[in-house]
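Protein chains: 2
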Amino acid sequence: MVDVKSGPNPLFLREEELRQAIELLYFAYRGFTAEPDQILADYGFGRAHHRVIYFVGRHPGTTVSALLEILGITKQSLSRVLGQLVRDGFVVQRPGTHDRRQRLLELTETGRELERALTETQRVRLARAFRNSGANAVEGFRTVLYNLMDEAHQARFAGLQPEREAGREVGPKSGREAGRR
Amino acid sequence: MVDVKSGPNPLFLREEELRQAIELLYFAYRGFTAEPDQILADYGFGRAHHRVIYFVGRHPGTTVSALLEILGITKQSLSRVLGQLVRDGFVVQRPGTHDRRQRLLELTETGRELERALTETQRVRLARAFRNSGANAVEGFRTVLYNLMDEAHQARFAGLQPEREAGREVGPKSGREAGRR
DNA sequence: TCATATATGTCAACAAGGCTGACATAAAAA
DNA sequence: TTTTTATGTCAGCCTTGTTGACATATATGA
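Protein chains in written order, with our numbering: chain A, 1 to 181; chain B, 182 to 362.
Among the hints, erroneous ones may be present.
Quick list of the computed label-pair ranges, beta carbon to beta carbon [stated by the list, open to error]:
1) A:Gly61 to B:Gln257: 40 to 46 Å
2) B:Gln274 to A:Glu106: 50 to 56 Å
3) B:Ile220 to A:Leu68: 38 to 44 Å
4) B:Thr255 to A:Asn136: 26 to 32 Å
5) B:Gln219 to A:Pro95: 49 to 55 Å
6) A:Arg47 to B:Ala333: 42 to 48 Å
7) B:Gly253 to A:Glu109: 47 to 53 Å
8) A:Ser65 to B:Arg284: 46 to 52 Å
These are computed hints drawn from the structure, not numbers from a lab. Being a predicted model, the structure only gives us computed values, none of them experimental. Here a beta-carbon is modelled for each residue, glycine too, at the ideal position from N, C-alpha and C.
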C-alpha cells in the first residue's frame, strides 16, 4: 500500500485528497451562486438568466450562436430565457452589419445595472477569499481550475496561456500580470 | 496595505481578475460534472442522485436529516430521489439503534460500484489537473475554495482547519498532511 | 402516563430550465 | 436560382427544485 504523494502512482489520488477536492468544489460553487440567485429571484429570473446577462455583458455585440456555444445549451432553451430578457428590457438585439441574419446582443442600461449588482456580490466574495488566501494561493487556484476544465474551454483563456516554467506548471496568468505587458 | 497583490484597494478586484475567476469557476465546475452526468444518464439518474450517492457513500449510516442539511434541499425533493435509489437497490435504509425513528442510510454493493465509477472519473480529472499544476498550486486551490464557501460549510473541513501563518493565509490543510499527524 | 416534539414519509401542485423534433423565415453563399 | 446558415417558434417531455398539508412512529418532558 502505498499512497499518493510519495507513492508510486502519481495519477492516483488518495481517498481523502480526492473527496476533499470534490467537496471543496461543491460547497464553494454553491456559495458562489447563492447571492446572485437571491437577487435574480426578485426579478423572476434564475441562474440561466444570470449566465446570459453575464456573457452578453462580457461580450457586447455577440451573436446568438456564439452565446449558444459558450453556454452549451440548445437554442430552444436559450430562446426562452433570452426572450424574457428582451421583453423585460434587459437585453436588446440589433441586426448584424455584415450579416443581417444575425441578432447582435447587448445589455440595455437596465441590464447593465442588474449585471453590475449581480457581479458585485461575487466580487465581494472573491475579494474576501483572495484576501484571506494570499496571492500565491490565488495563482494556484487559477492554475488548477484552468487545468480542470475541458481543453475546449481553456482556449477561452488564451491571452493568459500556459507557460511551462521548469517544465512543470501549466496555467493561466493573472489578469493583473497579463495587463502589465 | 494591502492588497491581494499590490494595488490600492484590497477589496476591489480589477475587472479582468474578477471575470477571469468567475469564468474559471464556471467552466471548471461544468467540466467536473460532465462525465458523471453521462454515466448517470445510463441509469436514468441525474445529478441529484449523484449527490445522494456521493454523500451516503462518504458517510455511511448517516441520517436523512443530516443528508438534508448537507444538500440544502427540502425533504420532498430528497424523498423523490432517495426513493428511486432505494427502490432500484442502490441505497438501503435501516432503523437507528438508539433512535428507532431514524432511517440510517448506506449504499448497497451495487450502490458502491456506481459510486466508485462516478468518483473515478473525477479522480482522473483531478489527478490530471493536479499533476499539471504542481503541489503548490494545489494547496492554493484548496485554500481559496475553502475561503470562498459559506462559513457554515467551512466547519465541515474541520479536521483540516485554518492555520494563521504569519497572520496571513487561512485555509484547510491537505488530507495528506492531516493524515500524517 | 399523557401531551408534545421530532424524524421521516407522502400527496399534490407548481416552476425553472434542460432536452428532442419539426417547421418557418430571411439572408448569405454557391 | 438553389442551398445553406442564423435565428426563431411551437409542442411536449424530463429532472429537480419549491410550498403546503397531512400521516405515522417514536422519543421525551411534564
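A quick look at each hint next to the structure:
1. Our hint of 40 to 46 Å for A:Gly61 and B:Gln257 holds, since their Cβ atoms are close to 44 Å apart.
2. With their beta carbons about 53 Å apart, B:Gln274 and A:Glu106 fall inside the hinted range of 50 to 56 Å.
3. Checking the proposed 38 to 44 Å range against B:Ile220 and A:Leu68 shows it is violated: the Cβ atoms sit about 25 Å from each other.
4. Between B:Thr255 and A:Asn136 the Cβ separation comes to about 41 Å, which falls outside the hinted range of 26 to 32 Å.
5. Remark: the range hint 49 to 55 Å for B:Gln219 to A:Pro95 is contradicted by a beta-carbon distance near 38 Å.
6. Checked against the hint of 42 to 48 Å, the pair A:Arg47 and B:Ala333 fails, with Cβ atoms roughly 21 Å apart.
7. Checking the proposed 47 to 53 Å range against B:Gly253 and A:Glu109 shows it is violated: the Cβ atoms sit about 35 Å from each other.
8. At roughly 49 Å, the beta-carbon separation of A:Ser65 and B:Arg284 lies within the given 46 to 52 Å, and the hint holds.
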